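Peer 1: Make a model of the complete structure from these sequences and hints.
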Amino acid sequence: MRAPGLALSLLIAAGCVLAASGVPGLLLRWRSLWGPRIAASATVLGSLLGLAGCALVLGGSGAAAVSLPSAVPGGRLVLADDALSGFFALPVFVVGSLGSLYGLAYWPPAEHPRNGRRLRFCYGLLLGSITFVTLARDGVGFLVAWEAMALSGYFLVTTDARSREARRAGWLYLLFSHAGTLCLVGFFALLASSGGGFALHALAPGQIGRGAATVAFLLAFVGFGIKAGAMPLHSWLPAAHAAAPSHVSAVMSGVMLKAGIYGIVRAASVLPAPPVSWGAFVLTVGGCSALLAIAFALGQRDLKRLLAYSSIENVGIILLGLGLALVGRSAGRPDWVMLGLAGCLLHVWNHALFKSLLFFGAGSVAHATGTRDLELTGGLARRMPATAGLFLLGSVAICGLPPLNGFVSELFVYLGLVRTAIAPGPAWAALPAPVLAATGALAVACFVKVFGGAFLGTARSAAAGEAHESPPLMLAPMAVLAVACAVLGAAPGLAAPALERAVAVWAGHPLPGPSLAGLAPLGRISTGAAALLAATALLTLAVLPACRRGRRRAPELPTWGCGYAGGSPRLQYTASSFAQLVTARFAWALRPRERPPRLDGLFPAPARFESHVGDSVLDRVLLPRARRLRKTAARLRIYQQGDLQQYVLYIVAAIALLLLFNLPLNWLVGTLCGP
Amino acid sequence: MPPIPVALPLLMAVVVFYTPSKRWRPRLLAATAAVHFGVTVAILGGVTVEPAGAWLRLDAPGRLLLGVISLLILACAVYSVGYLRYRVERANRRFCACMLAALATMSLVAYAQHLGLLWVGIEATTLATAPLIYFNRTARSIEATWKYLIISSVGIALALLGSFFVAYAALLGGGEASLLFSGLLSGAGALSKPWLRAGFTLLLVGYGTKLGLVPMHTWKPDAYGEAPGVVGSLLAGGLTSCAYLALLRLTQITAAAGEGVYANRLLIAIGLVSMGVSGALMLGQRDLKRMLAYSSVEHMGILAVAGGLGAGATFAALLHLVNNAFGKGVMFLSVGNIHRAFGGKTTDEVHGALRRLPLSGTLFLLGLFAVTGSPPFGLFVSELLIVKATFASGRWAVAGLFLAFLLLAFAGMGATSLSALQGRPPLSARRSTYRDSFTTFAPALCLLGLVLLFGLHLPETVRALITDAATALEVGR
Amino acid sequence: MWSVIAHAAVLALLPPLLGGVVTKTKALFAGRRGPSVWQPYFDLVKLLRKGVALSATTTWVFVLAPVLAVVTAVMAGLLVPLGSFAPPVAFAGDFVLFAYLFALGRFFTAAAALDTGSPFEGMGAAREVGFAWLTEPALFFAFLALARLSGSLSLDGMLRATEGAWLQRTAPLVLTAAGVLIVLLTECSRMPVDDPTTHLELTMIHEVMVLDHSGPLLGLVEYGAAVKLFVLEALLLHVMAPTARVTGWPGLALFLLGLLAVAIGIGAVESTMARLRLLHVPTLLIAAVLSCGFAFLLLSR
Amino acid sequence: MISLLSSLVAALLLVNLVALGTSRISTVVRAVASQGVLLGLLAVAAQGRLNGTVVALALASIVLKGWLIPVILFRALRQVAIKREVEPALGLLPSLLLGAFATVLAVAAGNRLPLAETRLAPLLIPASLATVACGFILITARRKAISQVLGYLVLENGIFIFGLLLVDAMPFLVEVGVLLDLFVGIFVLSIIIHHINREFSSLDTRRLSLLKE
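Protein chains in written order, with our numbering: chain A, 1 to 675; chain B, 676 to 1152; chain C, 1153 to 1453; chain D, 1454 to 1666.
Simulated from the structure, these hints should not be mistaken for laboratory data.
Note that the structure is a prediction, hence the values are computed from the model and not measured.
Heads up, the beta-carbon is just placed ideally off N, CA and C, and yes, glycines get one too.
Be careful, since some hints might not be right.
As the list claims (entries may be wrong) - Facing chain A, from chain D, some residues (calculated, C-beta under 10 Å):
#1 L1568
#2 F1589
#3 T1593
#4 R1595
#5 A1598
#6 G1604
#7 R1659
#8 L1663
#9 K1665
To be verified - Some but not every residue of chain D turned toward chain B, in silico, with C-beta under 10 Å:
#10 G1588
#11 L1633
#12 L1635
#13 F1640
#14 I1646
#15 R1651
Peer 2: See the structure below:
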């Protein structure tokens, strides 16, 4: 059978083409239009190859593997494909190619002379390295691809190297990313020290001790969770996404974060016999991420920071699915595993689709108005209707509302959680369900705020007033993504076979018990979506004539201001005040910095009220710790003030310490370092 | 009759010293280094047979060390040609002669099979490199040289005392008190334990001074900071490797005498302390060269830990030795160029190096990722193997601290380097005359290429070289 | 077959009546005669005949919102059983669809409010979405409790399981019913959360969101609200008073009577209670969440 | 024989204390020089017989330490034109006491250590340790750069004493190498001292603290 080899070679070729897509542009002059064109066409070509490969893999052609000698003695660089890899590789190709097309119009060489070529080179490198992350099956190769991804991401975040904000965001990203890589080094080293080589294959139950397995799992969860942006580890994410160009943010949020998810999923499948505590841990982290992140999102003014926080929320939902699957695996319940992991995986796809759609939309807004501040936009729906419509669809999808794709994956997770509730025995595993519900409601609030603040009402600034619709080259990718969201939402049955294969790979064997279609009402979802659309269409057609007539009769009718005639755009309910009712409830977590106005006397002078929601973990926990560490480190310097006699005394002291006290020291170090 | 790799550079050092032409001396230096490298390749390739003297013999570890030094110094020599062209105002007679002398003495260390001879060689490297640090003839460089000489001499003196202790331990053991490694190894069982322990401790402190282990590291930032970049790479890549090999040999003997646990604990403890302190001192460090010096201290700590992990980690340790030598070479050579271009080496003067020097700046950036152990560079592989060995030997706390200190070092180096690389270069820097030329750029590029290659795929010859050395050093452990 | 038709007919025709009954009850409590219980039907007919006045700032979102309000409410209505009759549509997880359909309607209603660019409507929208994030978890805790009770994954099964469970599982069901009642009052913007009859825009929630809707659009909004009330009442009735014991058409009749009773009860609540301060509403909702959650914990022992 | 040995050792230790106790640098140089000569004699006495190596070693030591190095140091002294160590880091008397204490400690320790034979070791090992300690005290207690060179010399002498125990083990070549290294080291150091004096117009190491964290 040739098919498996074919799929793998297609995927490898795709990775190489993507990684090299930016290289020709480096050789051309920055002004030439051919650099971007070549890069984009190469990206599209590579993506088509990759899509073909994914189609084969997800279509069920058996897995294949190739290997080269690696730098580690006895180790080999192994590349292999299975349904799980294919599943996570697919978004790379979809979002990547669309993003490069979008970038043609969004980042033209004429406007960005200095960094365009570097941007395109790193963009291609990012896509290629993520492809290889999904294919690598040994520690060294995986980490190489991983770091290539991380570093190209760093250079993409600092594309605008002149802005201090971008540099700061980039450094934060780099530091977090390196911490994650070190955790992964520990993870793979631990696996290798107990499992033999660095090969990344499922370990036998007896192969690794319980304690070692737990440490390995935690290392992997932290290392990958930093990249995925799970809640306490997320601090790098908002700044980075805000600083990067929008199509890059789309890829980072839609695809790069998913590499972290892939890592956690893969690690969970490699480690044998997970205790139930792992699942509980993942469920807890997922629930906290989802709920708190969406609350943070509500507090944001910057459109892209808001979308970044909503990415953290979606990662939380994905983790809920994974945690459920882990619980199911340790409880021996195939239906939980199926529903949980299917929800997790499908939400990975869905989030890739609608989040990149939303980031493209945010890019268009920034492109048209020159600002990302929701307090300065408004009324864009009439100036850029196509963008508004697509953005609205994305918002509905990301809120998990029917009939779009977000609903399907969340439904899977809900079903799994409720199944734990109806199973005999303690039902603690079902507790995330209400949390997920609250998250969904908050997501509605959040995206009503976003859509309303950006596109509805009247323009709050002159720039928003003169906004222009984006060129077709920016609209077309958004349209494609929107269609994909609709299709996945209306016909989830299409994804079912791929999901089942991926789940089988994760579990190590095809799951017993009913199939996904047997567990979740896929058909009913389709019919429901059809009914919803049909009814809406009919009713709309029914009222449309009356509305037409009304418009014709009074084209310039103002909004009814409840008797107050002198309406001004500044009178509108702003995005922040829209969210205030909720953010006030979450003040304990958001810690908004507020400067209340001073109002005194009968006729107080004009006053201003300021409120800003930063990242609590970064501002309240990490930065103070970092400052204290620096202060403590600086205290060491006083011991090195250039006095030679003192230096010689250090040597004497060292001898004295090591020689005279060598027995107690020996004992001390012995207790510290082991035999 | 001393072997060619020792004799040739020594001879040429004298020749160069008496060469009148200022333009020819660097060329002679480069030529000699090239010939030395050729000879080394021939020896490693087994083309020429070595005289198997008792005291001067090239065993497997020596072969590895000789190869590393020869290649590194070749790069430094080629670089010096371009570098000295920019420093015409300086007399380069001593510089060139001492470079060759250093090459000779380091080769001697690679050949030495006798504890005393080893000591002589290492002390000689100290003396040969001191004038190099003094190249700039400024007050600061004098001070650096002075501290380097005094501290290293004191440390080295202690190493001599330690060697005597070991010899006395052998004497006490009843065997004839030979200081040949082979003899010590074979008669290790009979060595008197207390004297051996004391001797090992003194040798650890003594050679640790050359390595720059905390708290004997104090000379390092001063010397590396004031010496020209090329000298820094010579010290951080070559000298430390010699001292580390000496330390490994003694650890092997101590372990063979049944004191392995003691030696390992000492090495791990002092290694971790070095990593932690150097990482802390790198935080907020504003001087690029001093930062590199502390990074060197950190890597010496890594090597010490690896040496203390016992058998199994020796391969990783030697691989790390090789990678560190070349990686530090890249860093110091490129920072030398940056120093030339900006007329300064602190983050107050250096901004936007990537824009002022696209080539050297990029090299420095990649070198930064290389020495901080990021994939796909060689140091990543060796550190991965070291962590694996740490876990395998059940030292979980050590592994945790190890990784934490690596992160600390990255935080320090990254903040400093990036603030120097990014941003807008100051006006003075844009006016300065320095431009990247082939001779000042190519050597660093080649070294970086090697580090990258060793990370992706270790060539069979190199692997054999390291494996043989490792097996030879693990006899009796 | 007949059951489906009956279900559809009841769902389509009955809802306005409940609103009328509530108004009538309040009038009687106030000692007035009040409008006839059929008044809502007359209003709907009148509104549908009127023309539409559209503000110049509004877009198509403004038109879409009332439509979706009706569609989502009706579709949700197709998922709840009426009396002994099984709902036309029932499948595993339909309760999620039930909740999310209302969320969809809420999304567009709030968006339409922002679409007008009026300060008051934005305020109302903010309150609507700002309270919903507490009603949703309450509702889902209720669903969890019912699912735990019934072992079923569809609304139909869940709501029928209360049958007979009242005897041994009284406490959880009382708690659940209380929670669902609060959810109903909030979702349908009734006292003590919201006063549908007030004329002070600053204090309204739902009514202020639709200030700008007129004619058929307003009619759709009103009808959608009525259907929503009907559906949630049906849910509540199932939880607190299982009527499925009486099977067949009598059961349906009995159930409808029960609905009227609930409507009267709501009227009574509205006329006896004062509206809470907006700041205290979340406390009430948290109480709902806690009671449903506690019910679930009691059951999951 | 033993009496000769012990008297030599006693002289050595006395010289240590002299070096510690005086502030006049030229005196210290003379002390170190005499120590070199004593070492040469000690080498012969320790062996108790006259074979080629021992004589050569003794001669080398006497010539180098007793003559060449002092000459170099005196030249350096003349160049930098300083006479005495004013205000040392640790006063003369304290450092003297410290040296004496170190000597006593070394002797005490010497009796505890396991020793190969009872003829030389009980004398030489304490002497060597004491001298090393005095060297360290000299380096760390004095402020003038040249005093540190002298301290380093004393340190070396101490180690040399220990080396006398292992003349058979230590091949002559190595011994000569050690001495050569020492000589070159002192040579380079004296040059640096000259430069320090030129740059800093003083030999006070307190001035040498431009380089610090």
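Peer 1: For each hint, tell me whether it holds in the structure or not.
Peer 2: Hints versus structure:
no.	hint	in the structure
1	L1568	18 Å, violated
2	F1589	6 Å, holds
3	T1593	5 Å, holds
4	R1595	8 Å, holds
5	A1598	9 Å, holds
6	G1604	9 Å, holds
7	R1659	8 Å, holds
8	L1663	7 Å, holds
9	K1665	4 Å, holds
10	G1588	8 Å, holds
11	L1633	8 Å, holds
12	L1635	9 Å, holds
13	F1640	9 Å, holds
14	I1646	8 Å, holds
15	R1651	9 Å, holds
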